[in-house]
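Asker: Full structure from sequences and hints, please.
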Amino acid sequence: MNLPLFRPHDDPGPSFAELLRRSGFENQISPESISGDSTSRIGKVPASDFRHGTTCIAVRYRDGVLLAGDRRATSGNLISHRSIEKVFAADRHSGVAIAGAAGPAAEMVRLFQLQLEHYEKVEGEALSLEGKANQLGQMVRSNLPAAMQGLVVVPIFAGYDLKLSEGRLFEYDVTGGRYEEAEHATTGSGSFHAGTVLKLGYRADMDPGEVTDLAISALFEAADEDSATGGPDPVRGIYPIVATITAEGYARTDDDELAERTSALIERRRARAESP
Amino acid sequence: MNMPFYVAPEQVMKDRADYARKGIARGRSLIAFRFVEGIAICAENKSSTLRKVSEIYDRIAFAGVGKYNEFDQLRIAGVRHADLKGYAFSRGDVDARSLANQYAQILGQIFTHEMKPMEVEILVAEIGADDGGGDQLFHILYDGTVVDEDMSVVLGGETEAISDRFGELDGVPELSGGLRRAISALSGPDRSLAPAELEIAVLERGTGRRAFRRLDDPEVALLIGD
Numbered sequence: 001m002n003l004p005l006f007r008p009h010d011d012p013g014p015s016f017a018e019l020l021r022r023s024g025f026e027n028q029i030s031p032e033s034i035s036g037d038s039t040s041r042i043g044k045v046p047a048s049d050f051r052h053g054t055t056c057i058a059v060r061y062r063d064g065v066l067l068a069g070d071r072r073a074t075s076g077n078l079i080s081h082r083s084i085e086k087v088f089a090a091d092r093h094s095g096v097a098i099a100g101a102a103g104p105a106a107e108m109v110r111l112f113q114l115q116l117e118h119y120e121k122v123e124g125e126a127l128s129l130e131g132k133a134n135q136l137g138q139m140v141r142s143n144l145p146a147a148m149q150g151l152v153v154v155p156i157f158a159g160y161d162l163k164l165s166e167g168r169l170f171e172y173d174v175t176g177g178r179y180e181e182a183e184h185a186t187t188g189s190g191s192f193h194a195g196t197v198l199k200l201g202y203r204a205d206m207d208p209g210e211v212t213d214l215a216i217s218a219l220f221e222a223a224d225e226d227s228a229t230g231g232p233d234p235v236r237g238i239y240p241i242v243a244t245i246t247a248e249g250y251a252r253t254d255d256d257e258l259a260e261r262t263s264a265l266i267e268r269r270r271a272r273a274e275s276p
Numbered sequence: 001m002n003m004p005f006y007v008a009p010e011q012v013m014k015d016r017a018d019y020a021r022k023g024i025a026r027g028r029s030l031i032a033f034r035f036v037e038g039i040a041i042c043a044e045n046k047s048s049t050l051r052k053v054s055e056i057y058d059r060i061a062f063a064g065v066g067k068y069n070e071f072d073q074l075r076i077a078g079v080r081h082a083d084l085k086g087y088a089f090s091r092g093d094v095d096a097r098s099l100a101n102q103y104a105q106i107l108g109q110i111f112t113h114e115m116k117p118m119e120v121e122i123l124v125a126e127i128g129a130d131d132g133g134g135d136q137l138f139h140i141l142y143d144g145t146v147v148d149e150d151m152s153v154v155l156g157g158e159t160e161a162i163s164d165r166f167g168e169l170d171g172v173p174e175l176s177g178g179l180r181r182a183i184s185a186l187s188g189p190d191r192s193l194a195p196a197e198l199e200i201a202v203l204e205r206g207t208g209r210r211a212f213r214r215l216d217d218p219e220v221a222l223l224i225g226d
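Listed in order, the protein sequences are those of chains A and B. In this text, residue positions in the first sequence follow the working numbering: the first is 1, and each later residue adds one. In this text, residue positions in the second sequence follow the working numbering: the first is 1, and each later residue adds one.
Derived by calculation from the structure, the hints in this document are not laboratory data. Incorrect hints may appear among the rest.
[What the hints assert, rightly or not] Part of the chain B face toward chain A, derived, beta carbon under 7 Å:
| hint | residue |
| --- | --- |
| 1 | 55 |
| 2 | 76 |
| 3 | 77 |
| 4 | 79 |
| 5 | 80 |
| 6 | 81 |
| 7 | 83 |
| 8 | 85 |
| 9 | 102 |
| 10 | 106 |
| 11 | 110 |
[Unchecked claim] Not close to chain A: a few residues of chain B, all C-beta gaps over 10 Å, as computed:
| hint | residue |
| --- | --- |
| 12 | 3 |
| 13 | 149 |
| 14 | 172 |
| 15 | 215 |
Backbone N, C-alpha and C define an ideal beta-carbon position, used for all residues, glycine too.
Answerer: Written out as structure tokens, the structure is:
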């Protein structure tokens, strides 16, 4: 691999996507390569032919933002993966959670992470949170042709804004539209039920314990009603992925804590069911 | 018809080397050295925005002396090379040795074929695995010569005087001890350098995926015991 040197007039600047394009990787990344140049020619990809990730949520709380996602991937009506990860660190102070076609989603996350790091290294300082959110919007928009064929990818972006000293979160739609949310956001097939739990349980001043409990119960209810969302699996030791983003940065909540909180939740449920 | 004067190739190369060396000697120098937990790079640089030392990849750092725009162009090319390689293959496949070779190719090419050589000297440093060992310091000169340094290296003008003052290290030092020594070697006997006049960064083992970290002025002051 050669040292990529460019003349000033065609320098790709701090953009990694642009660098890929100028370095001949174009065919591997452009949505046209997935969908072909005419969307009508190939038609819709059957849902059973690719893996699909489901419910993710984000909630603002006292110290910043929490991101969480269930662990199930489906191919049509089959479970194709029991412990897939849909919540990722984007950089030190932001994270992204993705629902939709698993392959394009994982590639989008990888490119997004690289884009943020590449910008930071080339420019010598990180993008603003607003800038990161816009970047992700552009990536979702560039996936639109593939989305028209069923390969929809819809992320949630959350981060801690170091300038404003607060957690912020952004929802997207398939067109790349970017919408900032003040309280919580959901994406994926179970988002309807998870969103209701969040809406009813939300308070602005939740501490890290309270917001984790709320997230676990939102995903629990979603899994209860939506076949594509996976519930906690104590037999295999699989729990949702929960991550918090605060002034200290992105941190995954460890499985032991999640196991404890999940069993407390199940215990409360059992007590409620048994009470006369 | 005008005939160009014959100039011996030895003379051409010597002139170019003198030109490059003069350009490099005009700037301030830097020292890189291995310490217990990794590699430290200590540069004399009054500017806190025009950097001489920066991050290339997870475990690789870059430092340059000489003409700023020239080594900065090389730095950005290095970041691009590393990020592309990590994307095409895997993060573990990005290494300092191949990057150093790429730099050497480019510098050598420019030295022999272009109108003027690049007035830069650069350093590519990489720390090894978390259990220690495998640290690498590649010093690349304006003509594409690559030197694989062992414990420490000085880049810039007056390298001999600074190396003498820094001396031979007996064993790998702690960060604070190494820094004190590096700073007094850079400043020389007649003056002293305050933390604000220095740019210091480390590649540190056991600090997660991205090992590169800049030390700010208060931290430097604390380390050198001011």
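Asker: So which of the earlier hints does this model not fit?
Answerer: Hint 11 contradicted; others consistent.
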